[in-house]
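Chemist: One letter stands for each residue in the lines below.
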Amino acid sequence: MIRHRCPLSLPVIHTSAAVLTLTSLCVTFRTGVHEGFLALAFGALVAVGELTRWRGPGLREIAPLGAAGALAYALLGENAGLHTHHGVCQSVTIVFAASLLGSVPHIARGRSPTLDHLARRVLTVGFAAVCFQPLCHSGTLAAWSGPAHALLLLALLTLTVLCDAVLAAALAHARTGWPFGPLLRDELRSTLCIGSAVCATGAVMALAVAVAGLWALPVFSLPLLLTQLSLRRYAAVRTTYRQTIASLARATEIAGYTPAGHALRVAALSQAVGRDLGLTEPELTVLEYAALMHDIGQLSLVDPVPAGATAALPVERQRRIALLGGAVVRQTGVSPQVAVVVERQADPCREQPLAARIVRAVNAYEEKARDAGPDGPLKALEELRLGTADDYAPEVVESLARVLARGCLTLPGVG
Amino acid sequence: MEAVPARARVYVIAIGLVALLCLLPPPTARTHAWVVLALAALYAGCEQVARRRFAGTFYPVLLASVFLLPPAAAAFVPLPAALLSHVERRPFLLRRVWRAARLVLGVWAAAGVHEALDGCDAVDTSDFPYALGPAGAAVLVLCLVLALLDGGILALAEKAPARRAWRELLPRSLAPVAVHGTAGLMMAVLWRSPYGPVAALLVLLPMGVSWWVYAQYHRERDAHRATIRALVQAVDIKDGYTRGHSERVGQASVLIARELGMDEERVEVLRFAGILHDVGKLGVPTRLLRKDGPLTPEERRVIELHPEYGHEIVRGISFLGEARTAVLHHHERLDGSGYPYGLAGGQIPECARVVAVADAFDAMTSNRSYSRARPVPTALEELERCAGTHFDPRMVAALVRAVSRSGWHPAVTADEPARPGERPQVSSLPGARP
Numbered sequence: 000m001i002r003h004r005c006p007l008s009l010p011v012i013h014t015s016a017a018v019l020t021l022t023s024l025c026v027t028f029r030t031g032v033h034e035g036f037l038a039l040a041f042g043a044l045v046a047v048g049e050l051t052r053w054r055g056p057g058l059r060e061i062a063p064l065g066a067a068g069a070l071a072y073a074l075l076g077e078n079a080g081l082h083t084h085h086g087v088c089q090s091v092t093i094v095f096a097a098s099l100l101g102s103v104p105h106i107a108r109g110r111s112p113t114l115d116h117l118a119r120r121v122l123t124v125g126f127a128a129v130c131f132q133p134l135c136h137s138g139t140l141a142a143w144s145g146p147a148h149a150l151l152l153l154a155l156l157t158l159t160v161l162c163d164a165v166l167a168a169a170l171a172h173a174r175t176g177w178p179f180g181p182l183l184r185d186e187l188r189s190t191l192c193i194g195s196a197v198c199a200t201g202a203v204m205a206l207a208v209a210v211a212g213l214w215a216l217p218v219f220s221l222p223l224l225l226t227q228l229s230l231r232r233y234a235a236v237r238t239t240y241r242q243t244i245a246s247l248a249r250a251t252e253i254a255g256y257t258p259a260g261h262a263l264r265v266a267a268l269s270q271a272v273g274r275d276l277g278l279t280e281p282e283l284t285v286l287e288y289a290a291l292m293h294d295i296g297q298l299s300l301v302d303p304v305p306a307g308a309t310a311a312l313p314v315e316r317q318r319r320i321a322l323l324g325g326a327v328v329r330q331t332g333v334s335p336q337v338a339v340v341v342e343r344q345a346d347p348c349r350e351q352p353l354a355a356r357i358v359r360a361v362n363a364y365e366e367k368a369r370d371a372g373p374d375g376p377l378k379a380l381e382e383l384r385l386g387t388a389d390d391y392a393p394e395v396v397e398s399l400a401r402v403l404a405r406g407c408l409t410l411p412g413v414g
Numbered sequence: 000m001e002a003v004p005a006r007a008r009v010y011v012i013a014i015g016l017v018a019l020l021c022l023l024p025p026p027t028a029r030t031h032a033w034v035v036l037a038l039a040a041l042y043a044g045c046e047q048v049a050r051r052r053f054a055g056t057f058y059p060v061l062l063a064s065v066f067l068l069p070p071a072a073a074a075f076v077p078l079p080a081a082l083l084s085h086v087e088r089r090p091f092l093l094r095r096v097w098r099a100a101r102l103v104l105g106v107w108a109a110a111g112v113h114e115a116l117d118g119c120d121a122v123d124t125s126d127f128p129y130a131l132g133p134a135g136a137a138v139l140v141l142c143l144v145l146a147l148l149d150g151g152i153l154a155l156a157e158k159a160p161a162r163r164a165w166r167e168l169l170p171r172s173l174a175p176v177a178v179h180g181t182a183g184l185m186m187a188v189l190w191r192s193p194y195g196p197v198a199a200l201l202v203l204l205p206m207g208v209s210w211w212v213y214a215q216y217h218r219e220r221d222a223h224r225a226t227i228r229a230l231v232q233a234v235d236i237k238d239g240y241t242r243g244h245s246e247r248v249g250q251a252s253v254l255i256a257r258e259l260g261m262d263e264e265r266v267e268v269l270r271f272a273g274i275l276h277d278v279g280k281l282g283v284p285t286r287l288l289r290k291d292g293p294l295t296p297e298e299r300r301v302i303e304l305h306p307e308y309g310h311e312i313v314r315g316i317s318f319l320g321e322a323r324t325a326v327l328h329h330h331e332r333l334d335g336s337g338y339p340y341g342l343a344g345g346q347i348p349e350c351a352r353v354v355a356v357a358d359a360f361d362a363m364t365s366n367r368s369y370s371r372a373r374p375v376p377t378a379l380e381e382l383e384r385c386a387g388t389h390f391d392p393r394m395v396a397a398l399v400r401a402v403s404r405s406g407w408h409p410a411v412t413a414d415e416p417a418r419p420g421e422r423p424q425v426s427s428l429p430g431a432r433p
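Protein chains in written order, with numbering that gives the first Met the number 0: chain H, 0 to 414; chain Z, 0 to 433.
Just so you know, not all the hints are guaranteed correct.
Stated by the list, open to error - Now the in silico label distances, taken between C-beta atoms and shown as ranges:
no.: 1; chain 1: Z; residue 1: E264; chain 2: H; residue 2: R349; range: 49 to 55 angstroms
no.: 2; chain 1: H; residue 1: A17; chain 2: Z; residue 2: E264; range: 42 to 48 angstroms
no.: 3; chain 1: Z; residue 1: P175; chain 2: H; residue 2: R319; range: 49 to 55 angstroms
no.: 4; chain 1: H; residue 1: P373; chain 2: Z; residue 2: R218; range: 45 to 51 angstroms
no.: 5; chain 1: Z; residue 1: A115; chain 2: H; residue 2: P217; range: 24 to 30 angstroms
no.: 6; chain 1: Z; residue 1: D221; chain 2: H; residue 2: A17; range: 44 to 50 angstroms
What the hints assert, rightly or not - Covered stretches of chain Z, going by a simulated chain H footprint (3 or more residues, C-beta under 8 angstroms):
no.: 7; region: 156 to 163
no.: 8; region: 173 to 186
no.: 9; region: 198 to 205
As the list claims (entries may be wrong) - Partial chain Z-side listing against chain H, Cβ under 8 angstroms, derived:
no.: 10; residue: R166
no.: 11; residue: L189
no.: 12; residue: A222
no.: 13; residue: G282
In case anyone wonders, no lab produced these hints; they're calculated from the structure.
Cβ atoms here follow ideal geometry from the backbone N, Cα and C, with glycine treated the same way.
Using the sequences and the hints given, assemble the complete structure.
Modeler: This is the structure in structure tokens:
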């Protein structure tokens, strides 16, 4: 199902992660583990964090507790006032082993991105440890005591999280073929919220263990668990919201106003086009909801339009249905942007917002291509191209053609 | 709540005076002065941010000051923020005094306990397993004092029974404040460590993010509920004469479920089951739903498809759980003469039996274009008459008990005045007759 048109970045990332892990394992095996109890405690924290990780929006894996614990271990220089002796290799080894252990249930459930997630985790921890541990062991940090040390840690962590965002965007780009720029922008945006919390928590954990010893770990994990819990609940309610909208959008299909699966197909294709045009994640959500509900205005009609084919109706009628739909959407408490997209989907394309142009073109394509046999898609695209003067925006039609040429509809998480 | 009773005013002023006494011995050591000012400014800043985004007190800073300072100094920390806080209703001054006084007293008592147990030394030397003891005691005392004071004002101003208020307030606040207490403790330890206040500030970032996410969660949940409600209103409008019916059925289902002693989660599911029971009517042509005159058998069959349409629509919404089967089976009858599957007795899911009773009850007690609303006792009698053949006697008995105890006062958010005479007489629909 997944297209293997992977750029070079995927093997490069995986190979470097594997090399780093193997080297670390060998070195640690030869030198033995320093401060075993400390390693065990951090390993347990990371493993628990991994166990409770979940799938965020898009292809993002979220494990704030695991990430913060791993970074804190990489940036740990002291334990209750005594110097620690774990170096880069031990940090990577412990984090790798703990993450692997915590991922066992996820692997058993057959969720594919575990490999990418592990590679990312190993590389970021390696980066942080390489930046910090040699400085710490060579005694360069003696000049950076007190508050300066805290600020140094924070700066290092910010750098690490930025690297992680680039890595995540590169992996997502390699897996999906979506443009790199918008992916990176979305990663950085999510870094602002969760990433900053992870950064701060990693720094606090490293500092608190340096001051108070291992007791700091359970004490400070408690508030972080709270963060994780609210994040999960937020993610859960977002999922149910999406399910509700997708299900209720099917009401038009059940009512016989539109053919089965039409709303879902338009939503999936619209999102692919939106991605191709570089929309951000919030914009994509608006686009998805609007595409799901674009036909809801037909519920207000006393008799169904034949086969739900609104694209063939006179423009005035189309606009009336769009306005009715906008009114329904406005009542539903979904973001008003969605309502705007729905009610302006029949306007001339020059006056429309981008999302409405996408919905209009994709809807027309879906209706024309649906029952037109094997060469339907080509004919439908041709018709759209001919109509680009006023009805369909040329850049959207071109993007649609690109998306269809790539066969993007079979992507996981979209189709 | 514009007018505050005189005894509540006296209570607030008395508490305010006591709080003033707590503040009176000024901080002795000079070294505390800048810590107090810094923490007070920090707390005020956090509250300002918190007020715009979410409601509630930002406890980590308060608790950090409890762990760092002697009582009189710690009690000063919440003062500026509370006195400057934004008050929406009159009397402004009294409310500000109340907010300040309760926090001052709570923080003072907690800091007193913490100091008495040698907590400050433990924080200074980060003596770890020991520092947890005084900190836990301080958190407990803070919660106790706040619950006690809040219970008092509830009893005086709103005539709530004080003992029940105390019993409810304390357990509800203890867990969140304890979690914030660990963050406060970490903040205090780092503040006193060589890394200084900069490191302590870092503790606030994850807490802030946690709050932000929590507020987002609530916003999203409200939006979700609004969406469901609005789409149900779409059914009501399409059906033409059943304004608010879905929501009232949801409320009646909740009444029955509570009376049967179901747990809160299941009660919530039954609320959704009641609200969504007729959502399948979205799939029935509007022309049929609004048809004047008698229905042909074929039209009747089309309308009887609505439970299956409804099930098809809500099938993919996983949080609805067993509410989905209630949507499918709410027209089944106990003797097996219902539709769509003609299930009988215990084959019908429990929640569907609840919704069936609630649906029939509301259909009888609200105005329909083909029949006037019947009085509640008549409707209950009718239900009891049909219990055993159409309805589950347990559910009917539960509804009768609940209504006879607290009455039937459905509140519907979208209740608009019905426009009488708008629709001509319509024959009774199978979906609406008991």
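Chemist: Each hint: holds or not?
Modeler: Hint by hint, here is what the structure shows:
{"no.": "1", "hint": "Z/E264 to H/R349: 49 to 55 angstroms", "verdict": "holds (51 angstroms)"}
{"no.": "2", "hint": "H/A17 to Z/E264: 42 to 48 angstroms", "verdict": "holds (46 angstroms)"}
{"no.": "3", "hint": "Z/P175 to H/R319: 49 to 55 angstroms", "verdict": "holds (51 angstroms)"}
{"no.": "4", "hint": "H/P373 to Z/R218: 45 to 51 angstroms", "verdict": "holds (47 angstroms)"}
{"no.": "5", "hint": "Z/A115 to H/P217: 24 to 30 angstroms", "verdict": "holds (26 angstroms)"}
{"no.": "6", "hint": "Z/D221 to H/A17: 44 to 50 angstroms", "verdict": "holds (47 angstroms)"}
{"no.": "7", "hint": "156 to 163", "verdict": "violated (count 0)"}
{"no.": "8", "hint": "173 to 186", "verdict": "holds (count 6)"}
{"no.": "9", "hint": "198 to 205", "verdict": "holds (count 5)"}
{"no.": "10", "hint": "R166", "verdict": "violated (25 angstroms)"}
{"no.": "11", "hint": "L189", "verdict": "holds (6 angstroms)"}
{"no.": "12", "hint": "A222", "verdict": "holds (5 angstroms)"}
{"no.": "13", "hint": "G282", "verdict": "holds (4 angstroms)"}
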